[in-house]
Every structure is written in C-alpha cells, then in structure tokens.
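Here the protein sequences line up with chains A and B, keeping their order.
At the far end of the first sequence sits residue 305, using the working numbering, and the numbering has no gaps.
At the far end of the second sequence sits residue 318, using the working numbering, and the numbering has no gaps.
Hints listed in this document are in silico derivations from the structure and should not be mistaken for laboratory results.
Think of the CB as a built atom: it goes at the ideal place given N, C-alpha and C, for glycine as much as any other residue.
Where hints are given, some of them may not hold.
To be verified - Residues of chain A clear of chain B, computed beta-carbon distances all greater than 12 Å:
1) 47
2) 59
3) 60
4) 76
5) 109
6) 118
7) 125
8) 159
9) 174
10) 217
11) 223
12) 237
13) 245
14) 266
15) 290
As the list claims (entries may be wrong) - Covered stretches of chain A, as calculated for chain B (at least 3 residues, CB under 8 Å):
16) 36-45
17) 141-154
18) 185-195
19) 275-289
Said to hold, decoys possible - Computed cross-link-like contacts, DMTMM-like style, restricted to lysine to aspartate or glutamate with a CA-CA straight-line distance of at most 20 Å:
20) 95(A) <-> 228(B)
21) 98(A) <-> 85(B)
22) 95(A) <-> 304(B)
23) 95(A) <-> 239(B)
24) 98(A) <-> 318(B)
25) 317(B) <-> 78(A)
26) 98(A) <-> 246(B)
27) 95(A) <-> 246(B)
28) 189(B) <-> 304(B)
29) 284(B) <-> 82(B)
30) 317(B) <-> 110(A)
31) 96(A) <-> 243(B)
32) 96(A) <-> 262(B)
33) 236(B) <-> 93(A)
34) 317(B) <-> 99(A)
35) 256(B) <-> 246(B)
36) 189(B) <-> 195(A)
37) 236(B) <-> 99(A)
38) 284(B) <-> 262(B)
39) 106(A) <-> 318(B)
40) 256(B) <-> 87(A)
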Amino acid sequence: MSWFQKLMPSRIRTDATDNARNRSVPEGLWTKCSGCSAVLYRPELERNLEVCPKCGQHMRINARARLEALLDDGSAMELAGSIQPQDVLRFRDSKKYKDRLAQAQKTTAENDALVVLHGEIEGVEVVACAFDFEFMGGSMGSVVGERFVRAAHFALDQEIPLVCFSASGGARMQEALFSLMQMAKTSAALGRLRDAGIPYISVLTDPTMGGVSASLAMLGDINVAEPGALIGFAGPRVIEQTVRETLPEGFQRAEFLLDHGAIDMIVDRREMRTTLASLFALLMRLPSSPAQRRLEADHDEPVAG
Amino acid sequence: MNLNFLDFERPIAELEAKIDELRFVGDDNDLNIHEEIQRLRDKSDSLTAEIFGRLTAWQIAQLARHPQRPYTLDYLQRLVTEFHELHGDRAFADDPAIVGGIGRLDGRPVMLIGHQKGRDTREKIRRNFGMPRPEGYRKALRLMQTAERFGLPILTFIDTPGAYPGVGAEERGQSEAIARNLQVMASLKVPVICTVIGEGGSGGALAIGVGDRLNMLSYSTYAVISPEGCASILWKSAERAQDAAEAMGITAPRLKELGLVDEVLEEPLGGAHRDVDAMGETLKSRLRRQLAVIEAEGTDRMLERRYERLVSVGNWKE
Numbered sequence: 001m002s003w004f005q006k007l008m009p010s011r012i013r014t015d016a017t018d019n020a021r022n023r024s025v026p027e028g029l030w031t032k033c034s035g036c037s038a039v040l041y042r043p044e045l046e047r048n049l050e051v052c053p054k055c056g057q058h059m060r061i062n063a064r065a066r067l068e069a070l071l072d073d074g075s076a077m078e079l080a081g082s083i084q085p086q087d088v089l090r091f092r093d094s095k096k097y098k099d100r101l102a103q104a105q106k107t108t109a110e111n112d113a114l115v116v117l118h119g120e121i122e123g124v125e126v127v128a129c130a131f132d133f134e135f136m137g138g139s140m141g142s143v144v145g146e147r148f149v150r151a152a153h154f155a156l157d158q159e160i161p162l163v164c165f166s167a168s169g170g171a172r173m174q175e176a177l178f179s180l181m182q183m184a185k186t187s188a189a190l191g192r193l194r195d196a197g198i199p200y201i202s203v204l205t206d207p208t209m210g211g212v213s214a215s216l217a218m219l220g221d222i223n224v225a226e227p228g229a230l231i232g233f234a235g236p237r238v239i240e241q242t243v244r245e246t247l248p249e250g251f252q253r254a255e256f257l258l259d260h261g262a263i264d265m266i267v268d269r270r271e272m273r274t275t276l277a278s279l280f281a282l283l284m285r286l287p288s289s290p291a292q293r294r295l296e297a298d299h300d301e302p303v304a305g
Numbered sequence: 001m002n003l004n005f006l007d008f009e010r011p012i013a014e015l016e017a018k019i020d021e022l023r024f025v026g027d028d029n030d031l032n033i034h035e036e037i038q039r040l041r042d043k044s045d046s047l048t049a050e051i052f053g054r055l056t057a058w059q060i061a062q063l064a065r066h067p068q069r070p071y072t073l074d075y076l077q078r079l080v081t082e083f084h085e086l087h088g089d090r091a092f093a094d095d096p097a098i099v100g101g102i103g104r105l106d107g108r109p110v111m112l113i114g115h116q117k118g119r120d121t122r123e124k125i126r127r128n129f130g131m132p133r134p135e136g137y138r139k140a141l142r143l144m145q146t147a148e149r150f151g152l153p154i155l156t157f158i159d160t161p162g163a164y165p166g167v168g169a170e171e172r173g174q175s176e177a178i179a180r181n182l183q184v185m186a187s188l189k190v191p192v193i194c195t196v197i198g199e200g201g202s203g204g205a206l207a208i209g210v211g212d213r214l215n216m217l218s219y220s221t222y223a224v225i226s227p228e229g230c231a232s233i234l235w236k237s238a239e240r241a242q243d244a245a246e247a248m249g250i251t252a253p254r255l256k257e258l259g260l261v262d263e264v265l266e267e268p269l270g271g272a273h274r275d276v277d278a279m280g281e282t283l284k285s286r287l288r289r290q291l292a293v294i295e296a297e298g299t300d301r302m303l304e305r306r307y308e309r310l311v312s313v314g315n316w317k318e
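Construct the complete structure from the given sequences, taking the supplied hints into account.
Written as structure tokens, this is what we have:
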C-alpha cells in the first residue's frame with residue numbers, strides 16, 4: 001500500500017489487492033476444499049469455477065466471476081450498476097450500517113449484493129443477475145430489490161428471458177421493514193414477467209434462505225439448484241431450537257428439495273451454461289445452439305425433429 | 001375488571017385495584033364512596049393517557065402481543081354478518097393458524113382472511129400460536145382466488161409472530177407458499193385491504209399483506225424480524241430487544257412517517273383490548289371508506305396503482 005492510500009480513510013479506500021476477485025497473489029496460491037479438505041491450487045480451482053476437482057464440492061463463487069463464466073465472452077453490459085445504498089434509518093447495532101456497507105464495498109468491490117448483466121448465453125440474449133454472498137451475506141435491501149426489478153423490467157421490454165442466481169441469508173435487517181417489502185416488490189415484478197410469457201429461471205445456490213427464498217428465488221418457471229446448496233425459509237438453527245430435536249442428515253439441501261418437489265433439477269456449476277442455454281432456447285421456442293447440436297450429436301440416439 | 005396489566009402499566013393497575021376494593025365496601029356505605037370512586041376513575045384515565053402517550057417501541061411490541069389483545073375472529077364477529085368460515089388448502093390440510101371465509105360488510109359480500117391466535121393453552125397449541133404452515137398460506141391463496149372469481153373484495157388481518165419454522169413446514173415448501181402469495185396478490189383483480197391488528201411478523205405476515213392499502217392499529221407492530229431475533233443476531237444478545245425494537249422502527253406512527261403504511265387506526269385508551277367494540281367500529285368505518293375509494297378507481301387503475309406502490313418501495317441513490 002502506498003503512503004497516499006494509507007492516508008485515505010479506510011472507508012473510501014479500495015485497494016485492488018483487497019479485491020476478492022483478485023486472489024492470485026502468492027500467499028493465496030493454495031486453498032483447502034470445504035468438502036474433502038484436499039489442498040487445491042487456486043488458479044486451477046478458479047478455472048474450475050470454485051468446484052473442487054477432487055470431490056465436486058461447490059464452494060461459493062462471487063457474483064461477477066459467476067456471470068462472466070455464464071455469459072458469452074465480450075457480450076455483457078451491466079444494468080442498474082449506478083444505484084447506491086442509502087441509510088435513511090441511520091441504523092446502528094453494535095456497528096453502524098454505514099460502516100458495514102463501506103466494509104462490504106471494500107472487500108467485494110461491489111456497491112451492493114446484486115449484480116445485473118445483459119448479455120448472451122450461447123447466443124441467447126438474457127438478463128442475468130447474481131447475488132454476492134460476500135456482501136453482507138447477500139442480504140436483500142432496497143438496492144438489491146430495485147436492481148432486480150429493473151432487470152425484470154428490462155427483460156420485459158426487450159422480451160428476453162431472465163435468470164437469477166441467488167445466494168443470500170435473507171432480508172437485510174439493517175433496512176428493517178424496507179427490506180421486507182423488497183420481497184413483495186420483486187415478486188410483483190416477476191408476476192408481470194409471468195403474465196407476458198417471458199421465461200424466468202431461478203438458480204438457487206448455497207445458501208438461499210429467508211426472504212430471498214420466500215420471494216424471487218422460489219418463483220422460477222424453472223427452479224434449478226446447485227448440488228449440496230442449503231435452501232430453506234427458516235435457518236436450521238432456528239428450526240432446531242423450535243422443534244428441539246436434531247435435524248435429519250441432508251435437511252434443506254438441494255437434494256432434499258428435489259425429493260420434496262420444490263425444485264426441478266440439480267445442475268453442476270460446470271454444466272450450468274449449456275443447461276440454461278438449452279432451457280431458455282426451448283422455452284423461447286428458438287432453434288438449438290450450435291454447441292447444443294454438437295452435444296446432442298455426441299449422444300447415441302439423436303433427438304427426433 | 002381483570003385486565004392483565006403489563007409491567008409498565010403497574011401504576012394504573014394499582015389504582016384499578018383500589019377502585020375495585022372501594023366498590024366492594026361501597027355496597028353498605030354512604031354516597032361519598034361513589035364520589036371517591038369517580039375521582040379515582042378519572043385519575044386512572046388520566047394516568048393511562050399519560051403512560052400511553054409516551055410508550056417506547058418495546059412497550060408497544062408488548063401491547064401488540066397482549067394476552068387479551070383481540071384476534072381476527074373477535075373483529076370478524078363485529079365487522080360482518082352471515083359469516084361462513086371456509087377450510088383447507090385442498091391439497092394437504094386445514095391450518096387453524098389462518099382463518100378465512102365469506103360474509104357481509106354492510107350487506108355487501110366480502111372475503112375475509114386473517115391469522116388466528118388461540119386464547120387458552122389448548123387453543124394456542126391448536127392454532128400454533130398464530131404461526132402458519134404452508135397449507136395455511138395455500139388456503140389463503142385459494143380463498144383469494146375464489147374471491148377474485150366472484151368479484152369479492154378481500155380484507156386481510158395480520159397478527160402473527162411469523163411463519164412456522166418447522167421440519168414439516170420446510171418439507172412442504174414454506175418459502176414457495178409465501179412467495180406464491182406475494183406474486184399472486186400483486187395482481188388480484190379485486191380490491192385488497194390489509195390491516196395489521198397485532199404482530200406483523202416478517203414474511204409470515206407479508207404473505208397475506210400485499211394489497212391496495214396497508215393499515216396498522218396504533219399499538220400493532222410490523223417488522224422484518226422480531227426484536228428478540230434481531231437483537232440476538234446483530235447484538236449477539238436477545239436482552240437487547242428493546243434497542244432492536246427502537247432501531248428497526250416497528251411502530252405504526254414511525255412506519256407511516258416512512259411511507260410504508262397508509263393509515264394508522266387509533267386504538268381506544270389503554271389499547272384495543274380495553275374496548276373491542278369501539279375498535280371494531282373504527283375498523284369497520286375505515287375499511288368501508290377505503291373500499292369505496294378503491295372501487296371508484298376502477299380495476300385497471302387499481303392494479304396499476306397497486307403495482308406502482310409495490311415496485312417503488314425502497315431507498316437508494318443513483
């Protein structure tokens with residue numbers, strides 16, 4: 001850090017080396033898999049989209065890295081990026097909300113917990129949103145709600161599908177009732193999409209809980225989850241305290257939700273791009289992409305028609 | 001009168017006890033006692049007015065959960081005639097934590113839906129302390145869609161600590177049930193008026209709380225999380241619930257100030273439980289008036305305004 005950066009108040013300092021996306025500094029070269037504890041080479045793990053090459057554990061991935069991997073190279077344009085959070089309640093718990101925001105902005109290099117891009121997946125034009133769990137637990141406040149609604153309205157205007165990757169602990173307590181109302185806000189906008197016949201695919205990633213799960217994340221025309229993702233309304237600890245018994249193995253995991261009929265499918269992150277491209281093309285009644293046709297040709301039996 | 005006083009009402013309770021004593025001896029004594037009783041009565045009223053004039057958010061939260069607080073069915077009795085309760089989600093069960101049915105408000109048919117808490121221990125358990133499971137929300141959804149088909153306005157009454165956090169509730173899709181209601185309510189083609197009558201507990205409250213108007217009784221609360229829950233997460237101690245209640249701004253006047261609530265319905269002196277009939281009257285006249293205003297708009301305008309209201313909520317700068 002230069003002497004000049006040291007002089008700046010920590011709130012406004014955005015040091016490039018602090019950036020979570022930029023971890024290729026020497027001390028961060030090796031990392032441990034949260035599933036099998038294997039020691040993994042960071043650049044390789046990044047190339048593998050934060051999925052452990054040994055055991056397939058899906059570790060958390062930041063919003064931008066996810067969207068970059070999803071969208072065709074050079075196709076993406078950010079939407080509603082200039083919207084900034086505002087602390088009208090002057091909320092203060094053990095820390096000021098303003099300081100928590102500044103801290104989160106510094107560590108993630110994002111200004112709030114949702115990133116929205118307009119781009120293409122294998123040539124299919126889409127609006128793609130992703131939550132950044134690193135930003136205050138991916139919590140949904142006014143900025144997340146507003147960005148999501150603008151994403152939905154853009155999709156509506158352009159008649160292109162919408163996809164959202166959720167990763168969130170729920171509503172942002174520091175915005176009190178305003179954050180609760182974002183549930184109604186985002187769900188209402190998705191209602192417009194539904195009425196207009198514009199497809200919306202929700203991808204639930206680890207973790208998707210509370211207010212986000214009980215609004216935009218469960219309202220997909222198709223609900224997809226990543227393997228092992230924790231998904232639910234109430235957190236496991238709250239449930240344990242309420243029912244006073246230990247919860248069954250695998251409770252609230254993606255596989256549990258698939259068994260109980262809450263989601264359509266579980267998709268490996270490394271297959272997400274081709275799966276979404278295919279699903280959107282099918283729902284939009286578009287021809288298969290060249291990549292999809294190549295994939296089908298590799299199969300023994302070609303699909304009729 | 002056994003009013004079940006809260007801690008901060010202790011001075012009022014003491015006065016009321018004195019009045020009761022005097023009344024007891026009053027039977028075989030002279031007229032002076034009646035004057036004395038009247039004097040104490042007035043004093044009790046002015047003391048109540050004084051105490052209730054400066055309630056903290058935490059004290060209001062306790063009033064909203066008062067054991068004698070009127071619940072949905074107490075109001076329905078006073079609001080409508082010819083009430084028929086309708087049961088079940090047609091898929092799994094009937095959830096007694098949410099009640100609903102059709103009836104007449106001033107002769108006109110309406111659909112009524114609300115959370116329902118129990119009064120005694122047995123009923124409390126039966127109604128799961130007003131914490132609905134997915135089938136409760138799906139029953140509400142079914143009734144709302146029925147109302148839409150038959151052109152009946154929908155009146156909802158919110159009073160829940162929250163959606164039930166249980167294993168079965170998760171298995172049957174608590175999140176989906178809430179989310180679905182939020183989405184469908186945003187575009188129901190009949191007027192929807194929502195009133196918080198007690199506790200507005202987070203998503204479990206909102207799931208029957210999306211509409212053209214949002215009212216709150218003056219000692220009800222509405223919050224994204226309970227003060228205790230907020231305190232234990234952000235302060236790491238449930239004891240700080242008072243601070244959390246203050247910081248979140250959970251009271252009706254504060255939420256009106258923030259533009260999140262349309263109207264605050266003034267409760268009788270000492271709270272709605274002191275005079276349920278009077279509260280019922282206030283509620284009835286307010287609902288009647290709001291319904292007339294919304295209906296005068298016409299369906300298209302109503303839906304456009306409802307959508308605008310919903311999507312404009314929030315604070316940001318750009």
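To see whether the hints hold, each was checked on the structure:
1. 47: holds, 34 Å
2. 59: Check passes; 23 Å lies beyond 12 Å.
3. 60: holds, 20 Å
4. 76: holds, 20 Å
5. 109: Answer for residue 109(A): holds, closest chain B Cβ roughly 18 Å.
6. 118: holds, 17 Å
7. 125: holds, 23 Å
8. 159: holds, 19 Å
9. 174: Incorrect as stated: the minimum Cβ-Cβ distance to chain B is 8 Å, not above 12 Å.
10. 217: Residue 217(A) is in fact no farther than 12 Å from some Cβ atom of chain B, at 7 Å.
11. 223: violated, 9 Å
12. 237: violated, 10 Å
13. 245: violated, 8 Å
14. 266: Residue 266(A) is indeed farther than 12 Å from all Cβ atoms of chain B, at 16 Å.
15. 290: Consistent with the label, residue 290(A) stays out of reach of chain B, its closest Cβ about 36 Å off (over 12 Å).
16. 36-45: Coverage by chain B is violated here, the residue count being 0 at a Cβ distance below 8 Å.
17. 141-154: holds (count 6)
18. 185-195: holds (count 9)
19. 275-289: violated (count 0)
20. 95(A) <-> 228(B): Within the cut-off at roughly 18 Å; holds.
21. 98(A) <-> 85(B): violated, 48 Å
22. 95(A) <-> 304(B): violated, 40 Å
23. 95(A) <-> 239(B): Holds - the C-alpha atoms of residue 239(B) and residue 95(A) are around 17 Å apart, at most 20 Å.
24. 98(A) <-> 318(B): holds, 17 Å
25. 317(B) <-> 78(A): Answer holds: residue 317(B) to residue 78(A) is near 17 Å, not above 20 Å.
26. 98(A) <-> 246(B): holds, 18 Å
27. 95(A) <-> 246(B): holds, 15 Å
28. 189(B) <-> 304(B): This hinted pair holds, its Cα atoms lying about 11 Å apart.
29. 284(B) <-> 82(B): Given pair residue 284(B), residue 82(B) holds - Cα atoms ~16 Å apart, limit 20 Å.
30. 317(B) <-> 110(A): holds, 15 Å
31. 96(A) <-> 243(B): holds, 14 Å
32. 96(A) <-> 262(B): violated, 29 Å
33. 236(B) <-> 93(A): holds, 10 Å
34. 317(B) <-> 99(A): Holds - the C-alpha atoms of residue 99(A) and residue 317(B) are around 17 Å apart, at most 20 Å.
35. 256(B) <-> 246(B): holds, 15 Å
36. 189(B) <-> 195(A): Given pair residue 189(B), residue 195(A) holds - Cα atoms ~13 Å apart, limit 20 Å.
37. 236(B) <-> 99(A): With a Cα-Cα distance of about 18 Å, the restraint between residue 236(B) and residue 99(A) holds, given a limit of 20 Å.
38. 284(B) <-> 262(B): holds, 16 Å
39. 106(A) <-> 318(B): holds, 19 Å
40. 256(B) <-> 87(A): Holds. Residue 256(B) to residue 87(A) sits at ~18 Å (cutoff 20 Å).
Taken one by one, the earlier hints fail for this structure at numbers 9, 10, 11, 12, 13, 16, 19, 21, 22 and 32, listed in ascending order.
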